[in-house]
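A.B. asks: Two chains, each in its own frame: build the complex with the hints.
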Amino acid sequence: MAILLDHVNYIYNEDTPMAAHVLKDICLEIPDGQFVGVIGHTGSGKSTLMQHFNGLLRATSGHIYYNGEDIYKDDYDMKKLRSKVGLVFQYPEHQLFEIDVFSDVCFGPRNLGLDKRETELRAYDALRRVGLEDELFYQSPFDLSGGQKRRVAIAGVLAMKPDVLILDEPTAGLDPKGRDEILQQVKKLQTETGMTILLVSHSMEDVAEYVDRILVMNRGSVLFDDTPRNVFAHYRELEEVGLAAPQVTYILNELRNNGLDVDTSAITTKEAADEIMKLF
Amino acid sequence: MLRDITLGQFYPTESCIHRLDPRVKLGGTMLYIISLFCFKNAAGYLLAALFLALVVRLSKVPFRFMVKGMKSILFLLLITVGFNLFLTPGTPLVSLWKLQITREGIILAATMAVRLSLLIIGSSVMTLTTTPNHLTDGMEKMLRPLKIFRLPVHEVAMMMSIALRFIPILLEETDRIMKAQIARGADFESGNLFKRAKAMVPLLVPLFISAFRRANDLAMAMEARCYRGGEGRTKMKPLLYTRADYLAYGVLVFYMVFSITAGRNTFYVLPWK
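So the protein sequences, as listed, match chains A and B. Note that numbering that gives the first Met the number 0 has the first sequence beginning at 0, numbered continuously upward. Note that numbering that gives the first Met the number 0 has the second sequence beginning at 0, numbered continuously upward.
FYI, nobody ran anything at the bench for these hints, they're computed from the structure. Every value quoted in this text rests on a predicted model; they were computed, and no experiment measured them. Among these hints, one or two may not hold up.
Coverage of chain A stretches by chain B, computed from C-beta distances (three or more under 8 angstroms per stretch; other residues unrestricted) [to be verified]:
#1 48 to 61
#2 75 to 86
#3 154 to 161
If you want the ones that stay clear, here's a sample from chain B, every Cβ over 10 angstroms from chain A, calculated [stated by the list, open to error]:
#4 26
#5 41
#6 78
#7 88
#8 107
#9 197
Where is the CB? At the ideal position from N, CA and C, for every residue including glycine.
Chain B on its own, in the form it takes in the complex (with noise of 0.2 angstroms):
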């Protein structure tokens, strides 16, 4: 029931991009959507797409797997293409009512649908690549540099691993307490809104006791394990950068002054600008 969210999840596979480093990955993702908003016309946004697709395609994750995860927020696109389409002043085309479909709405909202589509697929590809536990370790060491404004980087690293890690936890805890109720005659489908929400509580009451109940047996492993925080603490296995890594910058590198170069082109200007 609540497993069909693809958005922010891993995908097991073997590929040059699962084993690249996260740091590369989280620059590189952080690169990428930069360079999405230098773009002045569509040549720049052409070459993002392709770049994109050449580091799907290394990914070896099915895109139709990517597209899945694309439906939750199809409705927030479809909010942003609307409005640009429909609000944007300049010389009118089409007349509805009030509102009125400008040439410049059409190229924005064109825009901006592309420029929200590729930023997605973006950094989902580095999701999708990436495990969460990676993913925090290559935050953790890119962010060190903050400590020195008293940062506690180590601990936010810590926290945002384990809320990850009970993420797919509590969902199959949700799942199982829904079906043990709904085995007692719960219906958490039907009713007006404050029917529906007073349905939930048999489900969140023991949902609230139970990630109590595993927050306090975890505290009490780390404890019992001596954890203290991240002073002096080192990894079994700390992140090092091989030839693949400094490639993938070299390339990252390349894109980025390519793409921004063709894109920023006074020649190829669109029109409106």
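Looking at chain A on its own, in the form it has when it is part of the complex (with noise of 0.2 angstroms):
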């Protein structure tokens, strides 16, 4: 049981006329080592739950607890929470500020204290994992295509070594070959160190491979929380939600609908094209 979120409300803006209540009394359990999807229409309330998770936002209501521990306690130390839950946020190149590469992912683990020696080996090992090639180290950030400085962003976090990684939109913005670079370096930082991760998207075709789980947002509530495959099933509710299912789902559905005998769970390319092949 790693963190857990017990009636979580939040309204934004309380007491004026623009009052929004964007939570709508959220409770999940996310275990450690998970490999979560978030998924929801903009305005459903995913980014404002995942800024809950580290302390940076403060629920208007519910508590939520870190390792059985209630972060809303007074004396609950929010800085080591910080180091060990991560936050990407959308679009992290916008707060790259050091002279070169190198220095900004030093900036973390630098404000938790680390000595000069542990810092650099973090901020290597971070660039590393995040597949940067080492001749930029030593550039300046802003010269990096809008790729390589998302993920000098992203290193810049897991330089932390946080637990738990929370990536917010990590892919908005990028070309398809970036998009899959950056979801496999991902997926590999999760079966290497065992590091909880979640994942925003709005795109089930991004998560839909990676993930074990996917909480589906909808108007500040859960609407759906299970595996991808069970998640899929729905895929008709979805839609009303302005959301899509991967095509395959469609195209399996429609095969059977058509009066194939296809098991239409299918949710990778590789999946549907073995179902397919079955037929013949």
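C.D. replies: Now the structure itself:
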């Protein structure tokens, strides 16, 4: 039991005419080492929910427990929580500020009060993990390409060695190649380190292959919370809330409706292809 | 974190004050402020307060919301009152060490406090009931005669509306970058002045970069739509006076005449004049 959310509510701009009930009575349990995909339409509250995990936003009511401790307790060490729950924001490349890539990645571990050697070791390790080439380490972060900048920013959070990594739309605005690279690196990171990962996205296709569990958010509540297979079985309901199942789900369902005996639960292209091949 | 600033913020609701032409509200606020400086007795201030209460009531903006915006200038108000209270020469009432409170000081401090509060609430009624765009539209039209002196009225108005439009965007951006850096262990709140100033670097550098990026994008977008200044430019929604606006002008004139006659009447003149 790593993270537990107990009836969490969040009201934005409370007591003004602009008040909005962004999170409605969220109850969740996220065990150690799980890879969770969080999906929802724009404004469904997924980003707001993510900012609760490391205490950046405080729930209007409800409790959050990290490793069994209530993070809203007066003497709880928020700084420590933030080093354990790493949060990579949307468009994280906008937070870069140092003169070179390496110093920027050092910012996180240095804030933890680590010595120079440990800081640099961690920064080096993090940069290698996101697959950035060595010759870019001492360039200005502003001279890099969009995809490279994003990896530097992700490394900046990884260097703090968090136990839980939250990525808010890490692939937004990247081309398909950049997207696949980042997702594969995240998956590799999870298998290698056993980190808990929460990946926010608005595309089912992005997460279907990688995650163990999908959380579908709609208007501030959790609509579905299950394995990808079971969630995509509800593809009609997903459409109603403005989301879509992976394309293979549609193809297989269409084939089945036209009288072919296929199992519609495949979630990746490969599985779907195998399923179709079985017919011959 | 940074969203608690209400001074100069628009409060969206439907009311007859919200619907008035921005020129009426601008002119009205100006006249109201002038009237505050004309009074010589308490009756004038009483009338001004009553008039303001009526307008606030009509605007449907909760009074609580207005007072919240005043918190930020409470400090200024206190200093003004303090100076007037202790540094006005006259008949001493209380003496504390080198400072003395005089009868004249108390009266002057009270007048100042009332005047300043009315002034601030009065002008916040205008900003709370008018969208920034409407406000600059009104300003542009009112200042148009200054074109004779080669003042680039349209450009100034455009700059103002862009600046106003960008305040919430940049506040949001600041909030976002701040959170991102806090998530990386940054600390903006503790340490001495020097340490804190240094802690601002990870916030300010990305903020400046993003401000320049946005300015660039906006300039490009304006150019792509063939924007080339005010010359020959027409408006999609030109400002037009309605009957309510003329009525409002009438009310304003009535208020000015009435309050200033009452406020300057020697019959009520306060004893220290």
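A.B. asks: Each hint: holds or not?
C.D. replies: Verification of the supplied hints:
1. 48 to 61: It holds, with 3 qualifying residues against the three required.
2. 75 to 86: Since 5 is at least three, the answer is holds.
3. 154 to 161: As far as the segment 154 to 161 of chain A goes, the hint holds, because 3 residues have Cβ atoms under 8 angstroms from chain B.
4. 26: holds (27 angstroms)
5. 41: holds (35 angstroms)
6. 78: Nearest chain A Cβ is 30 angstroms from residue 78 (chain B), so the label holds.
7. 88: Given that every Cβ of chain A is farther than 10 angstroms from that of residue 88 (chain B), nearest at about 46 angstroms, it holds.
8. 107: About 37 angstroms separates residue 107 (chain B) from the closest Cβ of chain A, which puts it past 10 angstroms; holds.
9. 197: The claim stands: residue 197 (chain B) keeps its Cβ more than 10 angstroms from every Cβ of chain A (closest is about 12 angstroms).
Violated hints for the displayed structure: none, as all numbered hints are satisfied.
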